[in-house]
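Could you slot chain E onto chain P? The hints should help.
Residue numbers (our numbering), protein chains in the order written: chain P, 1 to 211; chain E, 1 to 271.
Among these hints, one or two may not hold up.
As the list claims (entries may be wrong) - DSS-like cross-link-like pairs, simulated, lysine-lysine; straight-line CA separation at most 30 angstroms:
1. Lys45(P) - Lys187(E)
2. Lys122(P) - Lys106(E)
3. Lys88(E) - Lys29(P)
4. Lys259(E) - Lys29(P)
5. Lys181(P) - Lys106(E)
6. Lys209(E) - Lys170(E)
7. Lys181(P) - Lys114(E)
8. Lys137(E) - Lys212(E)
9. Lys106(E) - Lys159(E)
10. Lys137(E) - Lys229(E)
11. Lys147(P) - Lys122(P)
12. Lys181(P) - Lys259(E)
13. Lys181(P) - Lys159(E)
14. Lys122(P) - Lys140(E)
15. Lys181(P) - Lys140(E)
16. Lys29(P) - Lys106(E)
17. Lys88(E) - Lys181(P)
18. Lys122(P) - Lys114(E)
As the list claims (entries may be wrong) - Label-pair distances were calculated between CB atoms; the ranges are:
19. Ser128(E) - Thr210(P): 47 to 57 angstroms
20. Glu173(E) - Pro144(P): 55 to 65 angstroms
21. Lys137(E) - Glu71(P): 19 to 29 angstroms
22. Asn176(E) - Arg74(P): 32 to 42 angstroms
23. Lys212(E) - Glu72(P): 20 to 30 angstroms
24. Arg74(P) - Asn248(E): 21 to 31 angstroms
25. Glu105(E) - Gly17(P): 26 to 36 angstroms
26. Lys212(E) - Ser117(P): 58 to 68 angstroms
27. Ser128(E) - Lys122(P): 35 to 45 angstroms
28. Lys122(P) - Ser135(E): 32 to 42 angstroms
29. Asn116(E) - Pro155(P): 19 to 29 angstroms
30. Ser138(E) - Asp163(P): 13 to 23 angstroms
Rather than coming from a laboratory, the hints here were simulated on the basis of the structure.
Each residue gets a CB set at the ideal place from its N, CA and C atoms; glycine is no exception.
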Amino acid sequence: RMSHIVYKKSELPYAYGALEPYVDEATMKIHADVDRASKLNILLKTLASHDVKFEEKPVDWLLQNLDTVPEEHRVALRNNAGAWYNHDLFWKMMQPASEGNKPHSKVSHALDEAFGSFNDFKQNFHAISTGIYGSGWSWLCVDPKTKQLVIRGTPNQDNPLSDGYTPILGLDVWEHAYFLKYHYQRGDYVNNWFHVVNWGFVEQLYEQATK
Amino acid sequence: GKMYRGAGGRLLRSIARNGGRKGAATRSFGTKLSGSRLASIGVTGAVFAAGSALAATLLYSQLNDDNTVVAYAEEAPAFSLPALPYAKNALEPFISQETLNFHYEKHHRGYIVKLNQLTAGTAHQKKSVEELLQSEKSGKIFNLAAQIYNHTFYWNSMKPNGGASQPPAKLLEAINSSFGSFENFQKQFNEAAVNHFGSGWAWLVQDPKTKKLEIMQTHDAGCPLNDGKVPLLTCDVWEHAYYIDYRNDRASYVNSWWKVVNYDFAASQMK
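Just chain P, with the same shape it has in the complex (with noise of 0.2 angstroms):
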């Protein structure tokens, strides 16, 4: 039964604060806290309330093995343990802003493969992040078939596992990621948040994903 598969409480590697200037205390005071506990146990309350045996898999094959969660069960389970698995990943994935902080030397290696070079990058990011409607998120992948570095916007909390892709680095674009201190500005945003990105995390992904 799901008490086999450990979920718990996403850590915050640093201070709520640590972010500033570009994402502010007061949003990730409530992302990251009220959120990580309310995601969770409306994950736990899914499980229990589905009562779907899981064995001993963790989320990220829950994620990639949607089609063998029974359907009736598969919207709650994409859309809950998505949430709760984006946001652990999210919390690692950004890091205090420091000088000179930009991708390590296998994933700027990548990226300059698949987009020409960092500014492309960031262009082809930015204008994925802005173009995503309502609610979801951008992520930075590697292609399995290709092992080549790829943007994929997904809708709501849906994850790139579902869609065979893995993800290295996600920016979650739902309004209350960014609404207390950017409005509607969304661009904004997407341009200051690279400023946080944890290019060691990432590093470390691409070089699982790349094995």
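Structure of chain E alone, referenced to chain P:
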């Protein structure tokens, strides 16, 4: 004399005489003149596409001593933002002035500006917002037209202290016969509004054939007009509608929405 130049206005220089009739040359601010009438007082220029009947707002005209007229006109935008039915602080303490300011002035007005830009010079500008959202059904223009319609409907679905009034009899009858009870209607509406995942809207609608009332959820910019339903009430559950006042507590926001719900408006929409 002083030449007034309105925002976006263009100088249209008349070379025709107007027969010395001062009264004919003087127009008040904001008077709409058709392209053909502008032409008749000798106003020509880049504003006119060949053969078009251009609606324009004459901002200012001046009769010169030599009886020439100088006129400043601004093309009337195809889509305009309807006025908010109440003051921005009128829904307090349930929905704050700050929220209405952002929601109306930035989001709603922003859609209007973008739709005018995107449809400039196209036949789309001849359509109403309702016609546009029903003909497009998806894509950028649909999203803008539908959000314009949905937000106007949302403002009208509320009024100061609306929830304190009893629903008009015909609405109450329809609610009772369609849902069994008012409580059941409220429960179902709340479920739709609170549980809708992501951005969207909760609606009370009427089926025009059966006359029965139903609850609907639409995602993103979705509009029940495209499902052949008659909207009666809507609650915006995009996060921008409630985040300032309620943060992520959508349930409390929906509770507050009931305090300002406009039953008279809903009844007026029934077929």
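Tested hints:
no., hint, in the structure
1, Lys45(P) - Lys187(E), "21 angstroms, holds"
2, Lys122(P) - Lys106(E), "26 angstroms, holds"
3, Lys88(E) - Lys29(P), "29 angstroms, holds"
4, Lys259(E) - Lys29(P), "29 angstroms, holds"
5, Lys181(P) - Lys106(E), "14 angstroms, holds"
6, Lys209(E) - Lys170(E), "17 angstroms, holds"
7, Lys181(P) - Lys114(E), "23 angstroms, holds"
8, Lys137(E) - Lys212(E), "25 angstroms, holds"
9, Lys106(E) - Lys159(E), "21 angstroms, holds"
10, Lys137(E) - Lys229(E), "15 angstroms, holds"
11, Lys147(P) - Lys122(P), "20 angstroms, holds"
12, Lys181(P) - Lys259(E), "28 angstroms, holds"
13, Lys181(P) - Lys159(E), "29 angstroms, holds"
14, Lys122(P) - Lys140(E), "23 angstroms, holds"
15, Lys181(P) - Lys140(E), "26 angstroms, holds"
16, Lys29(P) - Lys106(E), "25 angstroms, holds"
17, Lys88(E) - Lys181(P), "21 angstroms, holds"
18, Lys122(P) - Lys114(E), "25 angstroms, holds"
19, Ser128(E) - Thr210(P): 47 to 57 angstroms, "53 angstroms, holds"
20, Glu173(E) - Pro144(P): 55 to 65 angstroms, "59 angstroms, holds"
21, Lys137(E) - Glu71(P): 19 to 29 angstroms, "27 angstroms, holds"
22, Asn176(E) - Arg74(P): 32 to 42 angstroms, "36 angstroms, holds"
23, Lys212(E) - Glu72(P): 20 to 30 angstroms, "27 angstroms, holds"
24, Arg74(P) - Asn248(E): 21 to 31 angstroms, "25 angstroms, holds"
25, Glu105(E) - Gly17(P): 26 to 36 angstroms, "30 angstroms, holds"
26, Lys212(E) - Ser117(P): 58 to 68 angstroms, "59 angstroms, holds"
27, Ser128(E) - Lys122(P): 35 to 45 angstroms, "40 angstroms, holds"
28, Lys122(P) - Ser135(E): 32 to 42 angstroms, "37 angstroms, holds"
29, Asn116(E) - Pro155(P): 19 to 29 angstroms, "27 angstroms, holds"
30, Ser138(E) - Asp163(P): 13 to 23 angstroms, "21 angstroms, holds"
In this structure, none of the earlier numbered hints is contradicted; all agree with it.
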